[in-house]
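Residue-level listing of the chains:
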Amino acid sequence: MTDHELVVIGGGPAGLAAALSAWEQGVRDILILERDNQAGGILNQCIHNGFGLHCFQEELTGPEYAGRFIDLVKQTGIQIRTDTMVLELSEDRVLHTLSPQYGYESIRAGAVVLAMGCRERTRGAISIPGARCSGIFTAGAAQRFLNIEGYMVGKRVVILGSGDIGLIMARRMTLEGAKVLACVELMPYSGGLARNIVQCLNDFDIPLYLSHTVTDIRGKDRLEQVVVSQVDEKRSPIPGTERVFDCDTLLLSVGLLPENELSRQAGIAIDPRTNGPVVWENRESSLPGVFACGNVLHVHDLVDYVSAESETAGKAAAAYLRGERPAAGELKIVNGNEVSYTVPQHIHRGVDSVEIFFRVRNVRKDAAIRVLDGQTQIARFRREHLAPGEMESIRLPKVLLDRVQGDALTVEIEAVEGGVPRSEASPLADIPTPTGKGGQT
Amino acid sequence: MNYDVVVIGCGVVGADCAYELAKHALRVCVLEASNDVANGTTKANSAIVHGGYDPLPGTKMARLNVRGTAMMCELCRKLDVPYRNNGSLVLSLTEADDETLQALYARGLANGVPGLTLLDRAQTLSMEPNLSPAVRGALFAPSAGIVNPWELCLALAETAVRNGAELRLSAPVTAIARTAGGFRLTTPQGELSARFVVNCAGVFSDQIAAMVGDRSFTVRPVKGEYYLLDKAEGSRVDHVIFQCPSEGSKGVLVTPTVHGNLLVGPNAASCSPEDSANTAAGLDYVRASAQRAVPGIQFRDNIRNFAGVRANTDRDDFILEESAVAPGFIHAAGIRSPGLSAAPAIGPEVLELLRQAGLALHKKEHIIDSRKRVRFQELSDKEKNALVQADPRYGRVICRCESVTEGEIVACLHTPIPPVSVNGVKRRVGAGMGRCQSGFCGPRVQEIIARELGIDPTEVLMDWAGTWVLCGETKGGNAP
Numbered sequence: 001m002t003d004h005e006l007v008v009i010g011g012g013p014a015g016l017a018a019a020l021s022a023w024e025q026g027v028r029d030i031l032i033l034e035r036d037n038q039a040g041g042i043l044n045q046c047i048h049n050g051f052g053l054h055c056f057q058e059e060l061t062g063p064e065y066a067g068r069f070i071d072l073v074k075q076t077g078i079q080i081r082t083d084t085m086v087l088e089l090s091e092d093r094v095l096h097t098l099s100p101q102y103g104y105e106s107i108r109a110g111a112v113v114l115a116m117g118c119r120e121r122t123r124g125a126i127s128i129p130g131a132r133c134s135g136i137f138t139a140g141a142a143q144r145f146l147n148i149e150g151y152m153v154g155k156r157v158v159i160l161g162s163g164d165i166g167l168i169m170a171r172r173m174t175l176e177g178a179k180v181l182a183c184v185e186l187m188p189y190s191g192g193l194a195r196n197i198v199q200c201l202n203d204f205d206i207p208l209y210l211s212h213t214v215t216d217i218r219g220k221d222r223l224e225q226v227v228v229s230q231v232d233e234k235r236s237p238i239p240g241t242e243r244v245f246d247c248d249t250l251l252l253s254v255g256l257l258p259e260n261e262l263s264r265q266a267g268i269a270i271d272p273r274t275n276g277p278v279v280w281e282n283r284e285s286s287l288p289g290v291f292a293c294g295n296v297l298h299v300h301d302l303v304d305y306v307s308a309e310s311e312t313a314g315k316a317a318a319a320y321l322r323g324e325r326p327a328a329g330e331l332k333i334v335n336g337n338e339v340s341y342t343v344p345q346h347i348h349r350g351v352d353s354v355e356i357f358f359r360v361r362n363v364r365k366d367a368a369i370r371v372l373d374g375q376t377q378i379a380r381f382r383r384e385h386l387a388p389g390e391m392e393s394i395r396l397p398k399v400l401l402d403r404v405q406g407d408a409l410t411v412e413i414e415a416v417e418g419g420v421p422r423s424e425a426s427p428l429a430d431i432p433t434p435t436g437k438g439g440q441t
Numbered sequence: 001m002n003y004d005v006v007v008i009g010c011g012v013v014g015a016d017c018a019y020e021l022a023k024h025a026l027r028v029c030v031l032e033a034s035n036d037v038a039n040g041t042t043k044a045n046s047a048i049v050h051g052g053y054d055p056l057p058g059t060k061m062a063r064l065n066v067r068g069t070a071m072m073c074e075l076c077r078k079l080d081v082p083y084r085n086n087g088s089l090v091l092s093l094t095e096a097d098d099e100t101l102q103a104l105y106a107r108g109l110a111n112g113v114p115g116l117t118l119l120d121r122a123q124t125l126s127m128e129p130n131l132s133p134a135v136r137g138a139l140f141a142p143s144a145g146i147v148n149p150w151e152l153c154l155a156l157a158e159t160a161v162r163n164g165a166e167l168r169l170s171a172p173v174t175a176i177a178r179t180a181g182g183f184r185l186t187t188p189q190g191e192l193s194a195r196f197v198v199n200c201a202g203v204f205s206d207q208i209a210a211m212v213g214d215r216s217f218t219v220r221p222v223k224g225e226y227y228l229l230d231k232a233e234g235s236r237v238d239h240v241i242f243q244c245p246s247e248g249s250k251g252v253l254v255t256p257t258v259h260g261n262l263l264v265g266p267n268a269a270s271c272s273p274e275d276s277a278n279t280a281a282g283l284d285y286v287r288a289s290a291q292r293a294v295p296g297i298q299f300r301d302n303i304r305n306f307a308g309v310r311a312n313t314d315r316d317d318f319i320l321e322e323s324a325v326a327p328g329f330i331h332a333a334g335i336r337s338p339g340l341s342a343a344p345a346i347g348p349e350v351l352e353l354l355r356q357a358g359l360a361l362h363k364k365e366h367i368i369d370s371r372k373r374v375r376f377q378e379l380s381d382k383e384k385n386a387l388v389q390a391d392p393r394y395g396r397v398i399c400r401c402e403s404v405t406e407g408e409i410v411a412c413l414h415t416p417i418p419p420v421s422v423n424g425v426k427r428r429v430g431a432g433m434g435r436c437q438s439g440f441c442g443p444r445v446q447e448i449i450a451r452e453l454g455i456d457p458t459e460v461l462m463d464w465a466g467t468w469v470l471c472g473e474t475k476g477g478n479a480p
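One line per chain: the protein sequences are A and B, in this order.
First residue of the first sequence? That's 1 in the numbering used here, and the numbers climb one at a time after it.
First residue of the second sequence? That's 1 in the numbering used here, and the numbers climb one at a time after it.
Hints in this document: simulated from the structure, not taken from any laboratory.
Owing to the predicted nature of the structure, the values given are computational and were not obtained by experimental measurement.
Treat the hints with care, since some could be wrong.
Computed, partial: chain A to chain B, Cβ under 10 Å [claimed, not checked]:
no.	residue
1	SER99
2	PRO100
3	TYR104
4	GLU120
5	GLY124
6	ILE126
7	MET152
8	LYS155
9	THR215
10	ASP221
Result set (PhoX-like, lysine-lysine): computed pairs, CA atoms no more than 20 Å apart in a straight line [stated by the list, open to error]:
no.	chain 1	residue 1	chain 2	residue 2
11	A	LYS398	A	LYS332
12	B	LYS475	A	LYS155
13	B	LYS78	B	LYS363
14	B	LYS475	A	LYS179
15	A	LYS220	A	LYS155
16	B	LYS372	B	LYS78
Covered stretches of chain A (in silico footprint by chain B; criterion: 3 or more residues with CB under 8 Å from a CB of chain B, positions within the stretch not fixed) [what the hints assert, rightly or not]:
no.	region
17	76-88
18	136-146
Note that CB positions come from ideal geometry on N, CA and C, so glycine has one too.
Whole structure, please, built from the sequences with the hints as guidance.
Below you can see the structure in the form of structure tokens.
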């Protein structure tokens, strides 16, 4: 058994930023455990640009963005151990790890930052019927084949899901000479960023079929056809609307899931809405001394936000290691009308201003976000545009928080007279995570 | 090439025949149409070892089910195949079901099923608290269990090969001629002759029979669709949970798997022999039906759907007999449920049929009857460390969901029956079986297969012939 002050699980953008911020706070014994053979996480395969606009005021590619952080880490005494898998995390912060270099090793950590990222939802997760042929990839797996391994996965492509990875891959496959026939989206709106719709679909004349889904997959050996059908407002396929695409490849960009198997194993409380740990404003989980940030906590749109959140977690881990504990007293954050989740889920009384991140259930124009203390509105924020595919945030200043009477704040979208237009009313309740996001600009 | 016996088909039935035959001084060859063993019905079924109360008394199904189930534990221990004797429950959910349970109980006693017990509602719910509150009682079969069917097949085939049997993959039989000394079989790899032939061709066994002019049975394939759920759902039930059988089907079951997942299915629909497609209607039926027995199943934790084709025929029993028109040609056909349970007893049964047909059986003096593979995850900390020290590749986790190491993948690529596909590796070591369904490890497994077999990554298949994954390099070329 070896001891380290701070162990960060994951050497992607979240882990790197959390470790750096803890270092800046004076923690000197920091170990990052990375399961891949290099640090950088999923950014290494995101060779398109658009990263870093907020963080560096520059347009970087994924590897460049990761490289900036890796360079900064190299200037510190932070250790990165690659090729290292954490097999188990116990409640008392003992990590059981496996690596070719150190074998099976137990590490006791003073504090832990969870930064394991997320994984893609698969064909199985959404039970797409049809043949069991080859040629069906999650968009991220295809991205790895193209951008890391240097291989093409097919020539005629249909993409299911308009999450950012799917959109990015539509462009990438086109640039590599493939014909992308269609991007098919179940919801009546895209799950990706508006700029990706323009730059990855419109610029290449790739049609986007909203309110459509894949209802059959055909092919004895390799994929030969997919059948796409329109769906009704309950997202059920409408018979008679089938169209058949002759293609050899289907890419799935149907959502991301935080990877919390270790967190669950350690007994950390998980929010079923984010599929990530329930955290306080400092990103501390229900297990004292264990913090979470990045896509393991909730799926982000922009890596810049991941870095910012991870800085918070790293800072808090440093404070924990110094023996500082937040004041007792809890204020819950409750999801109100049309809000599908919030992070954090609760905050300590008496803290400084807090930024609340959340997602909305519907596309809305000229909407207002309300914060309620019981039945009383204590803040209202106007937004020209709200969409489930774009994470929202509001900042609540200390003066406001100090005035709160009840033990919970509700964040909600102000109801529209007559309700949300029917075409936009989309019950997301049973979908664990909004459509595919994360780390892809 | 001349053989004493040629076995056609290397599913679990063909593999068990080969395993038993290879214990004897015989020249044995197994011909498999696919590029891997266990690639038909064997890889896509309920993975259940049935108690044996379901088949009608007096049938081969009843006799071989009970015998095979009794043999399973020891066979799996010897050949290192995951097996768990967790017992099964047939639930009664209606008054009519109560009568069915009584009938099954009586049938089970007649078949010689050990330890059968009728349970009342309280006993049933105390064994399985997540069952529907509508449950009225259950038939408990303590001898039932679960097994990894494709590893059973692989272990039997590997052991046969170690004992001198030949296995030819990608060798579909396209014609059989009768000769003075027996049979001449044609495959794309050339011709071979055999004194005796065992037809274990599963859903194609009637087509094989027809090649020697035997049209005594017809395969009527029946497809069953399944959900395989994440390990998070794996302890929803502990026993195999059946509902009362309806006509022609044992109904939708809910069971843990030996890997710790939850398996739900199947429905039953007639189909063509190679139709393993899932249908929206089939999956809806399975889901709704399972929830009648176990209402709390979280189908959002589904990680994979699949469908298997059972080799049902126009006869009511297993077809285990010498062909009436082609002496020396033995059928092991129509091996539908409970075929997997019966498999350990089918090999010996076929041997007896061959003996009666005139094949002399002399036991070899030395045979291999054990098998062991490294399952890294199951080792103690100390063993793990020792192994990584000896071979650092055991320290590199490739499949993160199932914690499968590079060492295990490399080792399986150098076994007597090396896989040639990503799913072949999956069936041997579990890489890609987890919740990400090889999203993360697929490319790395592909790379390891190419490296170890000395082939180009574009040649590595997903599974059977034609299931290509990569179509060429990107414009920039592949990484160095």
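So, going through the hints one by one against the coordinates:
Taken as an interface hint, A/SER99 checks out: its beta carbon lies about 5 Å from the nearest beta carbon of chain B, inside 10 Å. With 10 Å as the threshold, the beta carbon of A/PRO100 comes within range of chain B, its nearest partner Cβ sitting at about 4 Å, so the hint holds. The beta carbon of A/TYR104 comes within 4 Å of a beta carbon in chain B, closer than 10 Å, and the hint placing it at the interface holds. Because the smallest distance between the Cβ of A/GLU120 and any Cβ of chain B comes to about 5 Å, under 10 Å, the interface hint for this residue holds.
At a threshold of 10 Å, the smallest CB-CB gap from A/GLY124 to chain B is about 4 Å, leaving the interface hint in force. A hinted interface residue such as A/ILE126 counts as satisfied when its beta carbon comes closer than 10 Å to some beta carbon of chain B; here the least separation is about 8 Å, so the hint holds. Interface restraint check: A/MET152 against chain B, minimum CB-CB distance 5 Å, threshold 10 Å, status holds. With 10 Å as the threshold, the beta carbon of A/LYS155 comes within range of chain B, its nearest partner Cβ sitting at about 6 Å, so the hint holds.
The beta carbon of A/THR215 comes within 7 Å of a beta carbon in chain B, closer than 10 Å, and the hint placing it at the interface holds. Residue-level restraint check for A/ASP221 holds (minimum Cβ-Cβ distance to chain B is 3 Å; threshold 10 Å). Taking the CA atoms of A/LYS398 and A/LYS332, the gap is about 15 Å. The hint holds against a cut of 20 Å. A distance of roughly 13 Å separates the Cα atoms of B/LYS475 and A/LYS155; the hinted pair therefore holds under the 20 Å criterion.
A distance of roughly 19 Å separates the Cα atoms of B/LYS78 and B/LYS363; the hinted pair therefore holds under the 20 Å criterion. Proposed proximity of B/LYS475 and A/LYS179 is supported: the alpha carbons are some 15 Å apart, at most 20 Å. For the suggested pair A/LYS220 and A/LYS155, the alpha carbons sit about 18 Å apart, so the restraint of at most 20 Å is met. Restraint check: the Cα-Cα separation between B/LYS372 and B/LYS78 comes to about 8 Å, which is no more than 20 Å; the hinted pair holds.
With 3 residues having a beta carbon nearer than 8 Å to a beta carbon of chain B, the region 76-88 of chain A meets the requirement of three or more and the stated coverage holds. Chain B is given as covering the region 136-146 of chain A, and this holds because 6 residues of the stretch bring a CB closer than 8 Å to a CB of that chain, at least three being needed.
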